[in-house]
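J.: Protein chains in written order, with our numbering: chain G, 1 to 245; chain F, 246 to 531.
What the hints contain is simulated information worked out from the structure, not anything from laboratory work. Only a predicted model underlies this, so the values are computations on that prediction, with no experimental measurement involved. The beta carbon of each residue, even a glycine, is placed where N, CA and C say it ideally should be. Check the hints yourself; a few may be wrong.
[Unchecked claim] Heads up, simulated DSSO-like pairs for lysine-lysine below, C-alpha to C-alpha not over 30 Å straight-line: (1) LYS170(G) to LYS125(G); (2) LYS152(G) to LYS125(G); (3) LYS526(F) to LYS170(G); (4) LYS152(G) to LYS170(G); (5) LYS152(G) to LYS526(F).
[Said to hold, decoys possible] For the chain F half of the interface with chain G, some residues (derived, Cβ under 8 Å), not all of them: (6) ASP346; (7) THR434; (8) VAL435; (9) MET436; (10) ASP438; (11) LEU439; (12) GLY440; (13) ALA441; (14) THR442; (15) ARG443; (16) VAL475; (17) ALA528; (18) ARG529; (19) LEU530.
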Amino acid sequence: MSRLNPTDLELFERGILVRLSNVDAGYGAATVLMGVDFEARAGEVALVTGPAAAGKTTLTHLLRLALPPRSGRALIMGVDVARASGRELAFVKRRIGYVAETPVFIEHWSAFDNIAMPLRMLGRKPRDYAEDVRELVDFVGISEAADLPMEKLSGAERRRAAIARALAAKPHLILADDPTAGMSPADGRRVVRLLSEMRRVGAGVVIASQDESLADCAPILRWRIERGRLTQVDHAAPEEVEAPK
Amino acid sequence: MKNALTGVERALFLTLAFAAFAAAAAGLGARAVDRLAVHYESQRNAYAIVRVIAPEGPAGIAAAEIALARAPNVASAAPMTAGRAAQLLGEWGGGEVRAEDIPPMRLIEIELTRTGPSVDVSGDVMAALAQGGVTAEVIEAPDGVAGGGAVTRVRTAALWGAVAFALVMAIIVSLAARGLAARRRELVTVMCDLGATRGQAAGRIADEAAVLGLYAGLVGGLLAGVVGLVVMLLVIPGASAETLANMILPIDLAPIIAAPLGAAVAAGAGARGAAAYFHAKAARLG
Numbered sequence: 001m002s003r004l005n006p007t008d009l010e011l012f013e014r015g016i017l018v019r020l021s022n023v024d025a026g027y028g029a030a031t032v033l034m035g036v037d038f039e040a041r042a043g044e045v046a047l048v049t050g051p052a053a054a055g056k057t058t059l060t061h062l063l064r065l066a067l068p069p070r071s072g073r074a075l076i077m078g079v080d081v082a083r084a085s086g087r088e089l090a091f092v093k094r095r096i097g098y099v100a101e102t103p104v105f106i107e108h109w110s111a112f113d114n115i116a117m118p119l120r121m122l123g124r125k126p127r128d129y130a131e132d133v134r135e136l137v138d139f140v141g142i143s144e145a146a147d148l149p150m151e152k153l154s155g156a157e158r159r160r161a162a163i164a165r166a167l168a169a170k171p172h173l174i175l176a177d178d179p180t181a182g183m184s185p186a187d188g189r190r191v192v193r194l195l196s197e198m199r200r201v202g203a204g205v206v207i208a209s210q211d212e213s214l215a216d217c218a219p220i221l222r223w224r225i226e227r228g229r230l231t232q233v234d235h236a237a238p239e240e241v242e243a244p245k
Numbered sequence: 246m247k248n249a250l251t252g253v254e255r256a257l258f259l260t261l262a263f264a265a266f267a268a269a270a271a272g273l274g275a276r277a278v279d280r281l282a283v284h285y286e287s288q289r290n291a292y293a294i295v296r297v298i299a300p301e302g303p304a305g306i307a308a309a310e311i312a313l314a315r316a317p318n319v320a321s322a323a324p325m326t327a328g329r330a331a332q333l334l335g336e337w338g339g340g341e342v343r344a345e346d347i348p349p350m351r352l353i354e355i356e357l358t359r360t361g362p363s364v365d366v367s368g369d370v371m372a373a374l375a376q377g378g379v380t381a382e383v384i385e386a387p388d389g390v391a392g393g394g395a396v397t398r399v400r401t402a403a404l405w406g407a408v409a410f411a412l413v414m415a416i417i418v419s420l421a422a423r424g425l426a427a428r429r430r431e432l433v434t435v436m437c438d439l440g441a442t443r444g445q446a447a448g449r450i451a452d453e454a455a456v457l458g459l460y461a462g463l464v465g466g467l468l469a470g471v472v473g474l475v476v477m478l479l480v481i482p483g484a485s486a487e488t489l490a491n492m493i494l495p496i497d498l499a500p501i502i503a504a505p506l507g508a509a510v511a512a513g514a515g516a517r518g519a520a521a522y523f524h525a526k527a528a529r530l531g
């Protein structure tokens, strides 16, 4: 990690997981995010709401390092995204739990194996992680479906499995793109509460959704995105939290 | 290998095995051509004809036979009979030649022992004949006709032809293995999302493809070996398992050994390239 800037790392150590400064991003000729300033801290939950095609998913892609900024500065866990090498980006990605709008799984593997995959990638042995993964499976409420192949799970179960997989490696930053889509309001609120719980272990959580009522589920900082421009709705000054170890 | 050899994997396995079989068969064919060429050249070089100039008549032939029996590098010597000459002329000319039409000859067929390239065999034989009081000339197989000098070209063509064919098969194996990577694209995407580097994701798929290629190459190579043995038994007169075991050199088995290794390397490389591409697509949007 030779290209890491000590000042950037210091921000991360102070609990600032994400800092976007005047960032533009997009696909091909289309610029989707314009002049975005955003910050996410350890122990905080941020809810980004906005209408369809406002740029929520693009923001998530930017935060999960899948989309490079066109201009401005994107600092994620102390790494300047535009300047980082592939190895550095992969290193940071392993510390991000991502719940996609349409999660991708290895369909013929069991839900358990899919959820355990981040731990396997970290080199942990099944006997070491089996109990943790079982606890996680119980936590998201898919105990009965854990040993079924992914292709047998319902949409709601798949989403919960995606959440469990995102939490498996105890990430510093959790990103959820429309995690309540297709769920009943009650289930949706339960999922958001579940994600919000992760702030208690020092993780930062960013949830993108069209549903503004989710802000009532837990102590959440609200952001609003419209036509690619992001504004903070709440201006509460949360206390700085130490970055998760 | 979870779900190995089902559906697409089975088709891929058969494709790889067939390509390995074809490459190994071409390699075995090249070895056969090489062995035949060497054998032909060896026989051609070991044959010469002595034309007795003096003394004339049967006494000259008898004296030459005695001298040749003591000559270095001569394994055997036999005067050319009218019947033998008629047979050879019939073979070369295509028409029937009667022994009665052949005039008395002063020729002796000799079989030479193997010598190094620096030895002047003709000179040694003529010296031995001269010591026996015989004036004669030694006629060796000429370089310019009857395949003389072509052996090296034939061997080179067989080797590089087989290598070129094996490379084409390797490309086919490599392209086919990309199909496996395409089938594992979801795994590459998930690994990428979870923070696997390109090398880790591509390596995982390449390992799987290499194992598949190794087994397919083993099947293809062994099958080519079995087919080769059957062909040898059918084509070589009087061949048996025992004679074949003595006839086959370790180097002849190289194509069979190379088939699984080559298939594994080619499949691994093809799958690695495709998986790396899929990783790059998943890693960077926009």
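J.: So, for every hint listed, does it hold in this structure?
T.: Hints, one by one, checked against the model:
Proximity of LYS170(G) to LYS125(G) is assessed by CA-CA distance (about 16 Å); at most 30 Å being required, the pair is judged to hold. A distance of roughly 26 Å separates the Cα atoms of LYS152(G) and LYS125(G); the hinted pair therefore holds under the 30 Å criterion. A threshold of 30 Å between alpha carbons decides the hint, and for LYS526(F) with LYS170(G) the separation of about 26 Å falls inside it, so the pair holds. With a C-alpha separation of about 26 Å, the suggested pair LYS152(G) and LYS170(G) falls inside the 30 Å cut-off, and the hint holds.
For the given pair, LYS152(G) sits about 28 Å from LYS526(F) by alpha-carbon distance, which is consistent with the 30 Å threshold. Among the interface hints, the one on ASP346(F) is violated; its C-beta lies about 84 Å from the nearest C-beta in chain G, farther than the 8 Å criterion. Residue-level restraint check for THR434(F) holds (minimum Cβ-Cβ distance to chain G is 5 Å; threshold 8 Å). Of the supplied interface hints, the one on VAL435(F) holds, with its beta-carbon coming within about 6 Å of a beta-carbon of chain G, less than 8 Å.
Because the smallest distance between the Cβ of MET436(F) and any Cβ of chain G comes to about 7 Å, under 8 Å, the interface hint for this residue holds. Of the supplied interface hints, the one on ASP438(F) holds, with its beta-carbon coming within about 6 Å of a beta-carbon of chain G, less than 8 Å. For LEU439(F), the shortest C-beta to C-beta distance to chain G is roughly 5 Å, which falls under 8 Å, so the interface hint holds. For GLY440(F), the shortest C-beta to C-beta distance to chain G is roughly 3 Å, which falls under 8 Å, so the interface hint holds.
Against a cut-off of 8 Å between C-beta atoms, the interface hint on ALA441(F) holds, since the closest Cβ of chain G lies about 6 Å away. Nearest Cβ of chain G to the Cβ of THR442(F): about 4 Å, under the 8 Å cut. The hint holds. The restraint placing ARG443(F) at the interface with chain G holds, with a minimum CB-CB distance near 6 Å, inside the 8 Å limit. Residue-level restraint check for VAL475(F) is violated (minimum Cβ-Cβ distance to chain G is 41 Å; threshold 8 Å).
With 8 Å as the threshold, the beta carbon of ALA528(F) comes within range of chain G, its nearest partner Cβ sitting at about 7 Å, so the hint holds. A hinted interface residue such as ARG529(F) counts as satisfied when its beta carbon comes closer than 8 Å to some beta carbon of chain G; here the least separation is about 7 Å, so the hint holds. Because the closest C-beta pair between LEU530(F) and chain G is about 5 Å apart, less than 8 Å, the hint holds.
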